[in-house]
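Chemist: In case you want the letters, here they are:
2 protein chains.
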Amino acid sequence: MTNPRLKKGLVQVYTGDGKGKTSAAFGLALRAIGRGLKVYIIQFIKGGFDYGELYIVEKLPNLTLKAFGQGKFVTQIPPGEKDMKIAKEAFELAKKIVKSGKYDIVILDEINVAMSLRLVKTEEVINLIKEKPEHVELVLTGRYAPKEIIDISDLVTEMKEIKHPYKKNILARAGIDY
Amino acid sequence: MTNPRLKKGLVQVYTGDGKGKTSAAFGLALRAIGRGLKVYIIQFIKGGFDYGELYIVEKLPNLTLKAFGQGKFVTQIPPGEKDMKIAKEAFELAKKIVKSGKYDIVILDEINVAMSLRLVKTEEVINLIKEKPEHVELVLTGRYAPKEIIDISDLVTEMKEIKHPYKKNILARAGIDY
Chain Z
1 MTNPRLKKGL VQVYTGDGKG KTSAAFGLAL RAIGRGLKVY IIQFIKGGFD YGELYIVEKL
61 PNLTLKAFGQ GKFVTQIPPG EKDMKIAKEA FELAKKIVKS GKYDIVILDE INVAMSLRLV
121 KTEEVINLIK EKPEHVELVL TGRYAPKEII DISDLVTEMK EIKHPYKKNI LARAGIDY
Chain U
1 MTNPRLKKGL VQVYTGDGKG KTSAAFGLAL RAIGRGLKVY IIQFIKGGFD YGELYIVEKL
61 PNLTLKAFGQ GKFVTQIPPG EKDMKIAKEA FELAKKIVKS GKYDIVILDE INVAMSLRLV
121 KTEEVINLIK EKPEHVELVL TGRYAPKEII DISDLVTEMK EIKHPYKKNI LARAGIDY
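Which chain is which? The protein sequence lines are Z and U, in order. In terms of the numbering used here, the first sequence has 34 at position 34, counting the first letter as 1, and numbering is strictly consecutive. In terms of the numbering used here, the second sequence has 18 at position 18, counting the first letter as 1, and numbering is strictly consecutive.
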């Protein structure tokens, strides 16, 4: 049942304004660890927020998660010094983890948003994609994936919002939205 | 940290031709059980196939999964007698589980496809949505969600394929695609 290594790792992107981008990445992680693959998730921006998945992820084998951020949304462009520093740290870790080749799947959650906020330079992500070991699958999530990233990625899915209950004044709910 | 019950359960739909529908539902399940919610997943059509997530799901608390199907794709419309019988059994279980109110989230994976193949009647799903206990969140996945279902659902996301590697002759890979 185990499949210790992928022959060829691709670059996947989940973007768009709809729900399910991070969830799809976590679902993918679940499938992968079910096969004995090793997964590393680095979350940009989300650190310090209270997400339901964090309570269960730590109990799962072969899955490591590290979240970066100050527990509040980055809204300023260019962002403040502290946010820039944290994002740099997150991206340095991403490079190290990807290039180590020790993880079959590396998920960079919300990195598309980080690029759009200029917390991470798009060229640096492009370089990482070009330099990644052949067997490593790279998964990039978040709204606003830059066109240059889409162009060099293999599998791109846009989560498109068709209908959203927030428009009916329903607030975010624990266990569902966070 | 635990949130024993949702105040109001919505109806979510993940549809479209892109990747990530089932994964998004599994990611949602992961988040929910992280909060102590109870999740039941019923898979239409997929039973008998070897999916990576099955190996890990059985180890997770508060998550039950039951897959129905013959381990091969249903392509005939109307489908054969055996497939109809299995789908009926799956939908009977779905009704029972939803109406029991014992599960906070019920995921009917690939039910949209089951409706499009006429394995399950759309009116019956509409009735189930109307009759579900207030606190139960219902998640319907699969391509080809019927318009009548989208109309009465609260949160609808279309996974849109922007780019797919199968078009570059890359085959499905264990741990990623199944």
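Treat the hints with caution; some may be incorrect.
Same chains, same names: a pair is fine if it fits in one copy or spans any two.
[As the list claims (entries may be wrong)] Okay, derived cross-link-like pairs now, DSS-like style, lysine-lysine, Cα gap no bigger than 30 Å in a straight line:
1. 59 - 130
2. 99 - 88
3. 59 - 147
4. 163 - 99
5. 121 - 59
6. 132 - 46
7. 82 - 8
8. 72 - 95
9. 95 - 163
10. 85 - 163
11. 160 - 66
12. 59 - 38
13. 59 - 163
14. 147 - 163
15. 160 - 132
Because the hints were derived from the structure by calculation, they are not lab data. Keep in mind the model is a prediction, meaning the values are calculated, not measured.
Chemist: In ascending order, which of the hints set out earlier in this document are inconsistent with the structure?
Modeler: 1, 3, 5, 7, 10, 13
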